[in-house]
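Turn these sequences into a full structure, and let the hints steer you where they fit.
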Amino acid sequence: MEAGQEPPFAATGAPVLQHSRFHRLSDRWAHLAFLACSLLVVGLIGGILFFLASRGLAAFWPVAGNTGRTLSLSEVFLSTDWAPSSDHFGIVPFIAGSLGVTGLALLIAAPAGILTGVFIAKLAPTWMRNLMRQVMDLLVGIPSVVYGIFGLTVVLPFVSGTWLAEAPASGFAVAALILAVMIVPTIVSLSTDAFESLPTSLDEGAQALGSSRWQAIWHVLIPAARPRLLTAAVLGLGRAIGEAMAVQMVIGNNPQWMALMRESTDRAPFLRALFTPAATLTTELVQELPNTPAGSPWNNVLFAMGLLLYLLTMVLILATRRLGRGKEA
Amino acid sequence: MTPVLTFRRSRTSKFVDRLMRGVLWGLAILFVLVLVVFVGAILKQGWPVLNLGFLTKMPETLDAGGGIKPQIFNSLYLVVLSLGLSLPVGLGAGVYMAEYAGKGRMLNFLRLCIETLAATPSIVLALFGMIVFVQAMGWSFSIRSGALTLALLNIPVITRVTEVSLLAVPRELKEASYGLGATKLQTILKVTLPYAATGILTGLVLTAGRAFGESAILVFTAGTNASAHFPDFRLTVPGETLSVHLWYVTSDGTLPDAREIAAGTAAVVILVLLTLNLLVRLVDRAIRRRTRSGLFST
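Chains E and L, in that order, give the protein sequences.
In the working numbering, each number is its position in the first sequence, counted from 1, plus 32.
In the working numbering, each number is its position in the second sequence, counted from 1, plus 646.
Hints listed in this document are in silico derivations from the structure and should not be mistaken for laboratory results.
Yeah, the Cβ is synthetic: ideal placement off N, Cα and C, and Gly gets one too.
Take the hints with a grain of salt, since some may be wrong.
Which chain E residues stay away from chain L? Per the calculated CB distances, all over 10 Å, these [said to hold, decoys possible]:
{"no.": "1", "residue": "C69"}
{"no.": "2", "residue": "T99"}
{"no.": "3", "residue": "V124"}
{"no.": "4", "residue": "G173"}
Anything over 12 Å on all C-beta distances counts as not near chain L; from chain E, calculated [claimed, not checked]:
{"no.": "5", "residue": "G132"}
{"no.": "6", "residue": "E295"}
{"no.": "7", "residue": "L321"}
Cβ pair distances, simulated, as ranges [to be verified]:
{"no.": "8", "chain 1": "L", "residue 1": "A814", "chain 2": "E", "residue 2": "R353", "range": "20 to 28 Å"}
{"no.": "9", "chain 1": "E", "residue 1": "P322", "chain 2": "L", "residue 2": "H875", "range": "33 to 41 Å"}
{"no.": "10", "chain 1": "E", "residue 1": "W61", "chain 2": "L", "residue 2": "N871", "range": "42 to 50 Å"}
{"no.": "11", "chain 1": "E", "residue 1": "W61", "chain 2": "L", "residue 2": "G730", "range": "19 to 27 Å"}
Right under this line is the structure:
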């Protein structure tokens with residue numbers, strides 16, 4: 033290299049020295065191979081959408097391979113009547129079930145997770161911080177079937193014995209509790225990051241103005257971290273709404289739960305609802321998909337439910353993007 | 647207009663401060679207890695069942711006393727296969743994002759795709775695998791359908807770990823390599839990737855743990871039966887794993903000792919994952935000692 037020449041830095045990656053033909057070619061081909069790997073991921077996103085749509089939308093359009101009648105959108109998305117054997121395909125109970133159990137889980141997990149996050153980031157001594165990190169890492173690593181079996185063999189019998197509910201006590205309450213524990217690590221880790229990335233001047237300023245530790249957290253830190261806390265909650269929501277096995281094992285799998293509740297004349301309907309066996313989009317897929325013949329309206333509607341879950345995931349991810357844009361102001 | 651905050655140090659505010667500190671400590675301790683009770687209960691239930699016979703016997707279909715030998719094999723086999731399938735793609739995509747994409751629209755879009763794939767519920771991946779591999783390819787419930795679909799679960803995690811580990815490599819190292827006349831590929835293969843290798847390896851172990859515990863995907867792609875031969879390396883036979891077995895015996899209910907089998911299987915799963923976690927921690931500590939920045943920042 034001649035003196036005074038610009039060094040060949042990584043910014044361009046362009047070598048100034050003459051490389052052998054082999055090296056130049058392999059460099060170019062490697063670039064293409066790495067690009068291909070990335071494009072494969074992009075293709076997967078589209079591929080999943082395409083294949084789920086091809087089966088899910090077949091419920092509403094006469095497509096080759098369909099063995100039954102074509103359904104109308106309203107009888108699927110606006111009806112609470114799910115009785116595939118007598119030709120009723122309303123999926124409202126599953127949508128409501130998914131939203132209900134996810135909402136409940138988030139109601140527990142979001143405040144608990146955010147408070148634990150602020151605790152880890154701002155209050156805990158180092159040993160406690162390390163301990164909490166390990167606890168959350170372990171909780172997130174436990175498979176959903178093991179959560180399910182814990183719910184089935186420990187939580188359900190425990191709840192069944194109390195005044196809360198008669199046996200078997202399966203339903204929204206226990207499912208939401210299990211789900212809450214499953215999504216708490218996600219919310220904790222993201223909100224810990226959120227609080228740790230806040231400038232310390234915020235904290236110090238508040239305390240200089242005479243605030244107590246808690247006042248600083250409540251009036252300054254939490255509002256300042258809000259966009260990222262919301263992102264954490266949304267990602268927790270995404271995890272909860274897609275969870276299948278754990279929920280399926282404890283929720284009781286009753287597609288007619290809405291009808292059951294309408295008929296009940298209980299004095300405490302809310303409490304009753306919490307302990308009524310129910311079903312969600314994911315649990316119904318696990319429960320029924322293996323038993324339905326391909327191409328039947330029943331099978332197609334189940335794939336439509338899967339498509340709905342996938343679209344929901346995309347919406348949630350885009351929502352976190354939108355939330356994230358307003359963050360570091 | 648910015649709101650002006652005033653804080654009053656009253657007796658109440660002091661009391662609230664104390665109270666809330668107590669609540670936060672309580673909450674944190676509660677989570678520690680939840681984990682302890684959880685793992686304790688699973689191990690306690692499974693302990694009486696765990697013995698050499700349980701681990702080395704074939705499962706029964708109708709009678710009590712079956713083992714989980716083929717399920718252990720299938721779990722390991724599927725983890726290895728799916729990692730083998732997803733590692734090249736995940737590595738490649740991670741390298742592209744960290745080294746080639748540059749900052750801008752392309753990188754943003756790729757990140758969005760990776761995030762979406764990572765957030766896609768496993769039941770949705772299961773449906774995709776069922777449509778494409780089980781039905782369209784005509785592979786039915788088999789090891790190959792399961793391994794390919796499971797790979798979809800691993801890819802975003804490996805990509806992310808690779809990207810993060812590569813971005814942590816000091817710029818000076820790469821510059822020195824270019825300065826010595828290395829091409830970009832040579833720099834990546836001989837400098838950047840080796841430097842990031844421990845980080846990527848840690849991520850791989852975590853991915854393996856996730857794949858090991860996965861059930862929803864495999865119920866719909868690898869099936870709920872295990873081959874009667876052992877060890878059966880064929881890719882065309884159904885391959886029920888430990889997690890799937892655990893779910894299947896519980897919900898199927900034809901085994902008289904389903905409870906015990908499920909409890910024992912759950913204990914095995916938890917023990918394997920605890921071991922993996924310990925392994926990751928040891929590796930991470932080794933990295934920290936060498937580079938003063940571990941993987942466990944999140």
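Over 10 Å from every CB of chain L: does V124/E meet that, or does the non-interface label fail?
Holds: least Cβ distance 19 Å, greater than 10 Å.
Assertion that G173/E lies outside the chain L interface [Cβ separation over 10 Å]
About 6 Å separates G173/E from the closest Cβ of chain L, which leaves it inside 10 Å; violated.
Does the hinted range 19 to 27 Å hold for W61/E and G730/L at CB?
holds (22 Å)
Could one say that the CB atoms of W61/E and N871/L fall in the range 42 to 50 Å?
Between W61/E and N871/L, where Cβ atoms are some 43 Å apart, the hint holds.
Starting from the range 33 to 41 Å, see whether the pair P322/E and H875/L falls in it by beta-carbon distance.
Distance hint for P322/E, H875/L is violated at roughly 24 Å.
Chain L versus G132/E - minimum CB to CB distance exceeding 12 Å, so not interface
Per Cβ check, G132/E is outside 12 Å of chain L; nearest 17 Å; holds.
Kindly confirm whether 20 to 28 Å is satisfied by the beta carbon distance between A814/L and R353/E.
With a Cβ separation near 24 Å, A814/L and R353/E satisfy 20 to 28 Å, so the hint holds.
In terms of Cβ atoms, is chain L entirely out of 10 Å range of C69/E?
Label violated. Min Cβ-Cβ 3 Å, cutoff 10 Å.
E295/E: least C-beta distance to chain L exceeds 12 Å?
E295/E is indeed farther than 12 Å from all Cβ atoms of chain L, at 27 Å.
Would L321/E pass as off the interface with chain L, using Cβ distances and a cut of 12 Å?
violated (7 Å)
Interface exclusion of T99/E relative to chain L, criterion Cβ beyond 10 Å:
Since the minimum Cβ distance to chain L is about 14 Å, T99/E lies beyond 10 Å and the statement holds.
Taken one by one, the earlier hints fail for this structure at numbers 1, 4, 7 and 9, listed in ascending order.
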